[in-house]
Structure formats: structure tokens, C-alpha cells
Amino acid sequence: MSAQKYKVSFQPDDVTVEAGDGDNLLELARESGVAITAACGGDGVCGTCKVIIEKGEVDSLPGMQLDADEFAQGVRLACQCRVKGDLVVAVPEASRMAAVAGRRALVTAEEVMAVAGWKYAPPIFKLYLELVPPTLEENTSDLTRLERELAKHGLDHYRLDLGFLKKLPSVVREGDWKVTLTVLKEACGPRLTTIEPGDTRARLYGLAFDIGTTGVRGELLDLNEGKVLSRGVEYNGQRIYGDDVISRIAYCTKPDGMAKLQQAVVATLNEVIAEMADRANVPAGEVSTVTIAGNTTMIQLLLAIDPKYLRLAPYVPAASLLPPLPAHQLGINVPEHVYLYTIPSVASYIGGDIVSGLVGTGIYQRQETVLYIDIGTNGETVVGNSDWMVSASCSAGPAFEGGGISCGMLATDGAIEGFGLDAKTNRPILATIGGAKPRGICGAGLISIVSGLLTSGIINQKGKFQSESMNRIRSGSEGLEYLLASAAETDVSKDIVLTEVDIDNLIRAKAAMYAGYQTLLKSVGLSFNELDKVIIAGTFGSHLDIEEAITIGLMPELDRTKFFFVGNGSLLGARLSSFSTELIEAGRRVARMVTNIELSENGDFMHHYIASMFLPHTDSTLFPEASRRLNALSKGGTS
Amino acid sequence: MAIETPCINYTGSIRPISLGAGDKSVTVGGETSYPFYTFEGAMPHPPRIAMEVYDMPPTDWPEAAVTPFKDVLNDPVAWAKKCINDYGAEMICLQLVSTDPNDANRSAEEAAQTVKSVAEAASVPLIVWGTGNLEKDTDVLRTVAEVCQGKHLVLGPLVEGNYKKIGAAAMAYKHTIIASTPLDINLAKQLNILMGNLGISDSELIMDPLVSSIGYGIEYVYSVMERVRMAALTQQDEKLQFPMICNIARETWKTKEAKTAEAEDPKLGDAAKRGITLEAMSAMLLLVAGADILVMRHPEAIKLIREMIADLTN
Numbered sequence: 006m007s008a009q010k011y012k013v014s015f016q017p018d019d020v021t022v023e024a025g026d027g028d029n030l031l032e033l034a035r036e037s038g039v040a041i042t043a044a045c046g047g048d049g050v051c052g053t054c055k056v057i058i059e060k061g062e063v064d065s066l067p068g069m070q071l072d073a074d075e076f077a078q079g080v081r082l083a084c085q086c087r088v089k090g091d092l093v094v095a096v097p098e099a100s101r102m103a104a105v106a107g108r109r110a111l112v113t114a115e116e117v118m119a120v121a122g123w124k125y126a127p128p129i130f131k132l133y134l135e136l137v138p139p140t141l142e143e144n145t146s147d148l149t150r151l152e153r154e155l156a157k158h159g160l161d162h163y164r165l166d167l168g169f170l171k172k173l174p175s176v177v178r179e180g181d182w183k184v185t186l187t188v189l190k191e192a193c194g195p196r197l198t199t200i201e202p203g204d205t206r207a208r209l210y211g212l213a214f215d216i217g218t219t220g221v222r223g224e225l226l227d228l229n230e231g232k233v234l235s236r237g238v239e240y241n242g243q244r245i246y247g248d249d250v251i252s253r254i255a256y257c258t259k260p261d262g263m264a265k266l267q268q269a270v271v272a273t274l275n276e277v278i279a280e281m282a283d284r285a286n287v288p289a290g291e292v293s294t295v296t297i298a299g300n301t302t303m304i305q306l307l308l309a310i311d312p313k314y315l316r317l318a319p320y321v322p323a324a325s326l327l328p329p330l331p332a333h334q335l336g337i338n339v340p341e342h343v344y345l346y347t348i349p350s351v352a353s354y355i356g357g358d359i360v361s362g363l364v365g366t367g368i369y370q371r372q373e374t375v376l377y378i379d380i381g382t383n384g385e386t387v388v389g390n391s392d393w394m395v396s397a398s399c400s401a402g403p404a405f406e407g408g409g410i411s412c413g414m415l416a417t418d419g420a421i422e423g424f425g426l427d428a429k430t431n432r433p434i435l436a437t438i439g440g441a442k443p444r445g446i447c448g449a450g451l452i453s454i455v456s457g458l459l460t461s462g463i464i465n466q467k468g469k470f471q472s473e474s475m476n477r478i479r480s481g482s483e484g485l486e487y488l489l490a491s492a493a494e495t496d497v498s499k500d501i502v503l504t505e506v507d508i509d510n511l512i513r514a515k516a517a518m519y520a521g522y523q524t525l526l527k528s529v530g531l532s533f534n535e536l537d538k539v540i541i542a543g544t545f546g547s548h549l550d551i552e553e554a555i556t557i558g559l560m561p562e563l564d565r566t567k568f569f570f571v572g573n574g575s576l577l578g579a580r581l582s583s584f585s586t587e588l589i590e591a592g593r594r595v596a597r598m599v600t601n602i603e604l605s606e607n608g609d610f611m612h613h614y615i616a617s618m619f620l621p622h623t624d625s626t627l628f629p630e631a632s633r634r635l636n637a638l639s640k641g642g643t644s
Numbered sequence: 022m023a024i025e026t027p028c029i030n031y032t033g034s035i036r037p038i039s040l041g042a043g044d045k046s047v048t049v050g051g052e053t054s055y056p057f058y059t060f061e062g063a064m065p066h067p068p069r070i071a072m073e074v075y076d077m078p079p080t081d082w083p084e085a086a087v088t089p090f091k092d093v094l095n096d097p098v099a100w101a102k103k104c105i106n107d108y109g110a111e112m113i114c115l116q117l118v119s120t121d122p123n124d125a126n127r128s129a130e131e132a133a134q135t136v137k138s139v140a141e142a143a144s145v146p147l148i149v150w151g152t153g154n155l156e157k158d159t160d161v162l163r164t165v166a167e168v169c170q171g172k173h174l175v176l177g178p179l180v181e182g183n184y185k186k187i188g189a190a191a192m193a194y195k196h197t198i199i200a201s202t203p204l205d206i207n208l209a210k211q212l213n214i215l216m217g218n219l220g221i222s223d224s225e226l227i228m229d230p231l232v233s234s235i236g237y238g239i240e241y242v243y244s245v246m247e248r249v250r251m252a253a254l255t256q257q258d259e260k261l262q263f264p265m266i267c268n269i270a271r272e273t274w275k276t277k278e279a280k281t282a283e284a285e286d287p288k289l290g291d292a293a294k295r296g297i298t299l300e301a302m303s304a305m306l307l308l309v310a311g312a313d314i315l316v317m318r319h320p321e322a323i324k325l326i327r328e329m330i331a332d333l334t335n
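Quick mapping for you: the protein sequence lines, in order, are chains A and B. The working numbering puts the first sequence at residues 6 to 644. The working numbering puts the second sequence at residues 22 to 335.
Just so you know, these hints were derived from the structure itself, not from any lab. Hints may be right or wrong, so weigh each one.
Quick list of in silico lysine-lysine cross-link-like pairs, DSBU-like style, CA-CA up to 30 angstroms [unchecked claim]:
id: 1; chain 1: B; residue 1: Lys195; chain 2: A; residue 2: Lys429
id: 2; chain 1: B; residue 1: Lys103; chain 2: B; residue 2: Lys277
id: 3; chain 1: A; residue 1: Lys467; chain 2: B; residue 2: Lys185
id: 4; chain 1: A; residue 1: Lys467; chain 2: B; residue 2: Lys195
id: 5; chain 1: A; residue 1: Lys89; chain 2: A; residue 2: Lys124
id: 6; chain 1: A; residue 1: Lys469; chain 2: B; residue 2: Lys185
id: 7; chain 1: A; residue 1: Lys157; chain 2: A; residue 2: Lys89
id: 8; chain 1: B; residue 1: Lys186; chain 2: A; residue 2: Lys469
id: 9; chain 1: B; residue 1: Lys185; chain 2: B; residue 2: Lys195
id: 10; chain 1: B; residue 1: Lys280; chain 2: A; residue 2: Lys469
Chain A with its partners taken away, still in its complex shape (with noise of 0.2 angstroms):
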């Protein structure tokens, strides 16, 4: 790379920057902020990043999308221009991206971590061609006619689908030979997927999932502006048929077992469909591409493959990688021609959204060491950086999404989310989610709340509450019970208490994630203190009190500065992923990358579990704050 350096200036913007010779205009482009379209992400094939080069020397090829008129008045295509000189560079009106940079858009608190320096290429884009309608001289087949504009831009080679041949005389003759291909971006060439009367470019939907064992999480996206126009979530509806994975594993034995999963878990990806459909007011109907990461055992389940073996050693998957597959077909209610891509899973157990997590946030191109951590029903945990990534699972019970607790709920409105006692009055103050009245607790309430009853003398290390004659504690169906709110204080007309065995559910729930990152790091010789970074991800709320989470021994006792919060890591890959192909084949990557430990057949996983069970934990020297903190308040006479 030659060190030359110049000047590139984008106008009307006004934008200058420093270039190397040969760098690639349109990345250029994006990085200093101007908004060039480029449908197909930049592979010179859509024609949508026309510029003026007013002044200066570009190396690049004429291209099929331009014609001889407009190449000698210096129009160009962005993304095949390489800088060669100082440059002045307008940028048309009809070039430019509906938002600002469509990577701006992208960064909401979340996306702190994200993954850096890639190309925004949905793996989807419309490509809008205009025909030279037939006559009686001139009546070659409508899709002669296509392929002499294809050709046009470049695209020789392409696959079609059958639908899509259906519709193409109807269309072609509707939209007076004006239409919008969507063009699918396969490993091996381009697909055509459908085709629609006039120019549609200006609307291009993706769905993007999440789909957990306790709840599923969508987005629908808009994908020309990268970004995100509704949200949706809804209890997966499997929870009926058991509460993990296990157990949704053997229900499949039953007769027609899996077929009713299967089904179950459609229909709850068409409810937060629809839901999202609605709030953002575009049809279903108008949906290109659906991208799911799930664990292996739910994305087995969505297609009805038979999850018996991910049980049983060596817990073999039927597939790591999926091609692209009809979305359709599954029953999900997105039009015929959607293709649906699942991001690829390490193991049996180590799946598509810890995958999706992984390339959401980046860690496969950090020098750093970090500990990832996604807290769901699964726990999922993967220690290691651009090098190396190893990986392990273990089951906490759905807890932290509400399941299994008396009044527990996802995190959504009305959710409980914090917690504290009021110093005078001692009665609880409630923060829920979106401010509203409380319906119940959801998973970071759920830490909040045992936090504050640990630190507060309520309960004692084990969980149990130190007497029955304490304020608010009173007898229930299930044992002694904390009153949080009592129904006139609801939303739901019902008291909101916290019971011990919901105590003891987010213990065990806790102590099989920390066991699982102890075991793990243990096993590649690391300690706590040699890590950079702890980045957490899950859905258990908007936010996660790291205080809080290292009181009840959820997290380790680092330094406050190292931990992350991500939210929903697997949905975050997921949407990502959506938007460039980059992140797609970073995911194949990944998933290749990281090797998988079987706690199972860990003997020091039981110990550490056991170890964990109890708040922080047994082994007071690994939260040594916490611990004195707590003994100081048993020193202060509680009992």
C-alpha cells in the first residue's frame, strides 16, 4: 500500500477527508458519513451509487449500468471507483440514502459493543430494470427481455425460482415493463426471488429473530435504512409442551410431539409478526428476508427436524450450517418467495443465538480477552478473543425470563426491573419498565430484588427469609412470601410477592451460570482477573445492575469498569446480520472457530454449582466486597 495520501471532497455535503491511494470510493463515502445508496452492498451489480467525479483521477471501469453519455460526463459507480488523486465528488440527489448513513442509525445504547468495520450488504436488495416492451418484429420471451437488462448489470448467472416465473408475464405487462427484482445474494450467485410491477425499491422489509426456549424476540427492519422500524415479543408458545430443552427434546417422542412444537413455535413467530406488522404499519406481505438465530434445539425444532440425538452423546446436531431455506414452507406468514437464513451453532448445545451473539458484539475480531455471557434459560458462556473461542453450556431454568416464578413475566411493560426499600418507612419502591403500574417481574427484577432482600438482612445467604414475623412477609400457597405490591398497587388486581421458591429458582439459576464460567475458565487456565472484558447479553430486562448481579453472585467480582451490558446479543447478530453478508459469512466463521466443552462431563462443575448455590457464594474470598458488605450487616445485629 503506497502512503500516498489525498484529498477527497464530497459535495453538497461538504465533506473532506484524507484518502489512500486506491481506496474504495464508496467505503470512503460511508465512513466519512455521506449517504450514498448501494443496494447490493457494493458489488457494482444495482447501479444505485452513481456520483460526478468533478475534478480528479479515479481508476475504474465503465460498467454495464452506466452508458457512454454519462461515463464521459464523469458519472461513476461509487463502490467500483478507486482513488487515484485529489478528488471533488458530487453526490446526486437520487444517490443519496433516504437516512443519514444507514450505520448511524444503527447505534442505539446496545450497540456500544457491536461489531465493528464491515459493509452494510443486506444479503437481500431490489434491483429495479426497465424493458424494451416486444412487438410482432421483436417477440422473444418476457424472460429473454429480462436477462438482455440483467446482463446489463452484470449478472450473467442466476438462479430463479419457479414462483417467480409465474409471475413474471402478468407483472412485467402490469407494470408497462417497469420492475423490481429481489435479488437474493447466494454463496454460489445470485437468485431471483420475485418480481413486482413499477419501482418498489423505496420499500425492503427483513425480519429478524430471536427465538429463545422461554421467549421469542423480533424485529422488523427497514433495509434501506438500516434500521429498526418495530419490535415484538411474545412467550414462546412451546412452554406449554416444558419449561427447557430437555424436556421439549423428549416431548418429541410423543406421537405428533414434534409436529405440535413445530407448530407451536410458528405460530408464535406469526403473532409477534403480526404485532409488528401493525405497529409499523407495513404489510407482512411486503417482508424479503426472515434471519433467525436460535439455540440448535429450537432452530431443529422450527424445522421439524428430530432433536433426539442433540441429547443424546456425543450431542450431534443435524447441521451446523443451513442453506437458505423457504420461509414459507415452515408455515411462517411472510410471502412465498422469502428465503430464511439461520445463523449457523457450534454444538448441540452452543447454538445460532450464541453464534449471532458472538458476531453481534464482535468478540471474533478483539485482540482483548473477553468472557461472553448470554443469562437465559440456557446459559450460555464463551471466553476468548480473535484467536481462539471456547464455549459452554449449561442449563439454568427459565428463571430469568420469568418462568418457573410466582409472578414472574418477560420484560416488558409493567415489568418490575428494580427494586429498593425506602430508608424511613421501609417499604419497597418498585421501578418497572416504561413507568407503568407493576404486572409482575421479570428476570432483572428478579436480581434486584433478591439483591436488595440479601443486603437489607430480609434473607439470609441461603435464600431463606430470617423470620416470619418481619414486615410484608406473610404465609402463602407456596410457603412464606414478600409482598411487593399489593393488588390495588397493580395493573393486574393481584398481589405481586416474591416467594422462597422463586428465591430458590434464581439461586440455582444463578449458580449454574457462575459455575459454568468458573468451570469454563478454569479448563483454558484463566483466572477472573485475566480478563478484559466481561460482555453480558440476555433478555431479562432493559437493564442489568452490575451491583446488583455481583451481590447475589450472578456475575464475578470485577472491576465494575470491565462488564457490558448488551441486551438481547442474539436478536443483536441477528438484525446485523441482516444487514451485511460481511456479518453472515462472520457467523460461518465463528461458528467454526470455537470449540465447545461438555460440562457434563466436567467433575468440576457439580462442585462449583453446589459452591454457587448460595448468596454471593460458599467461597467468600472470590467476592470478597460483597462478603464484607454482608458481614458487616449480620455483624449490625439483623438476627
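Since the structure of chain A is provided, determine the placement of chain B on it from the hints.
For chain B alone, kept in the frame of chain A given last:
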């Protein structure tokens, strides 16, 4: 060439704990090395044996175990005296089997009176062992604690489900307690922490790791006890630095191997010798694993163990 014996670097020690009251009180614990590793550290208080006394005539003891106590089975006070006077018992463990709700279901008050009379007749430290029934033990041991105020009894077993109520009574009436957990070092430590939080003094706590006989998983017991001692002595785990008690007699004498008469299965040989050997061998293993107090039954087995302790500590 001179060979240097490798030595373990101990960083912790077991708390010495004084049991009973008056001039027959006994101290256990205090070790600064692994059991009988006197070449590396000290064992200032050799392990002690508490002889078993039942508060009602036992119904399931094999003949060999019954014979030495035939004349005193109906009278716990006489039984205790016989243990002390005839067999030189340094401690008595009174098993309150009569309080079992599935058996005689004697009341807490009755049990407390029995304990009181035994405590008054026997000058040696008295261990009082419940039936393991959570609710009944709570009731019985609380009453015992109150009725026997000032006797500095050793009360057990206290488990996670009842430690608070019994523990509070033990503190109020100044007794020592036995923290009992099912064969797990972490659970043992957790209960000890909870005891500390409750306010139980470190000098009033004995651990019961839950034991079993040879042939019934004693290897597992051994391993748990060994790990407890390693954590206490080499990892400064303060919450595990307590003496351990092993209630082993009832475990060995209830086994098929101890109970089968010679006539039933001649190839097993003499039943008395068999039972005594089983008890003695199980006890020996537990001593080597770190037991500080053994609850034992047969005078012959006790004699063998006393000899072993003397051999290893001198």
C-alpha cells in the same frame, strides 16, 4: 545421600472446642496437621469416643450389641453409668429414638426429663441426638436446651431447615450445637456460615458430615471429610475449621452384614466378631479421614479404637 522428607505447609488449624462442664469436660479439635501427621504438626487433643445410650430399649440391635448392656436397656441413667464406670466412657451420646413420630413419639417434655436425669447422673459431656425429623427435633431439642440449662450439652443434628430455632435456644441456654449436612463440603460450609450469622459462637460448633458404614459408601464420606480438612488446614477456610463428629455406630450395626446371624449364613462366620470388626474398621477409617468424635456402641470395638488412637498419637 540424605533424603529430605516432603512436608505440607499448614496455614490453618482446627478450633479447640471444650465440651461439657466441670472437671470431666473434654476438649476436642486443635489439630495443626492432617489426622495423626504428628511429624508435621500437633494433635493436642486426641480423638474422643462417645458411647451410645438409647432412651428406650433398642428393638433392632443384633444380639452381639445388646449383650453388654442387657441389664440396663430399660434405664438410660443406669446405661450411661455403666458406660462410664465399666467401660470408661469419656462422653455419652444419648440417642432420643423414643421421640420419633413414627415410633413411640414420646413428647419433648418427657425426652427433656430423660436428658436431664442422664445429665445429672453422668459427669462426662453429654451429646443429645434427635431422630432427624425436622419438626420433632426442633420441638424436642429446644425443650431439652431449656430444661437442661447450664449443663453445656452438645445438641444435634441442626440442619438447614431448623438451625435457627434450635440454634437460638442453644445460644440462650449455652449449649454446643452440631451442624449436620448431607455429605457435601459446600453445604457444610454454607450451614456454618449461616450459624455464624445467627450468632452461634465459633467455640460452640461441631460439624457432622453425615457418615455411613463400610460397604455403604464410606469412600465418599472419607473423601468429603478429607476435603474439609484440606480446606481448613491448607486453604485457611475458617468456616470449616471445626471438629467433626461421626455418628457411626448405628450405621454399622444396622447393616445386613452386622445383623445376619451365623446360623442364617454360616460362611459369614461369627456374628459378634463380624459386627465388632465392622464398627471398629469403619471408625478407624473415619479417624484417619479427620473425625474428632466417634459415637460408638460395642465395648470391644471401642477398645480396639482406643488402642489405635494410643498407638498413633504416642
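Each hint, compared with the structure:
1. A threshold of 30 angstroms between alpha carbons decides the hint, and for Lys195(B) with Lys429(A) the separation of about 36 angstroms lies outside it, so the pair is violated.
2. Among the hinted pairs, Lys103(B) with Lys277(B) is consistent with the structure: their alpha-carbon atoms are about 28 angstroms apart, no more than 30 angstroms.
3. Pair hint Lys467(A) plus Lys185(B) holds up; C-alpha atoms about 13 angstroms apart against a cutoff of 30 angstroms.
4. This hinted pair checks out: Lys467(A) and Lys195(B) have alpha carbons roughly 25 angstroms apart, not beyond 30 angstroms.
5. Among the hinted pairs, Lys89(A) with Lys124(A) is consistent with the structure: their alpha-carbon atoms are about 22 angstroms apart, no more than 30 angstroms.
6. Proximity of Lys469(A) to Lys185(B) is assessed by CA-CA distance (about 11 angstroms); at most 30 angstroms being required, the pair is judged to hold.
7. Between Lys157(A) and Lys89(A) the CA atoms are separated by roughly 26 angstroms; this keeps the pair inside 30 angstroms, and the hint holds.
8. A C-alpha spacing of about 14 angstroms is found between Lys186(B) and Lys469(A), which places the hinted pair at or below 30 angstroms, so the restraint holds.
9. Straight-line distance between C-alpha atoms of Lys185(B) and Lys195(B) comes to about 15 angstroms, which keeps the hinted pair within the 30 angstroms bound.
10. Simply put, Lys280(B) and Lys469(A) have alpha-carbon atoms about 42 angstroms apart, too far for the 30 angstroms limit, and the pair is violated.
When held up to the earlier numbered hints, the structure conflicts with 1, 10 and fits the remainder.
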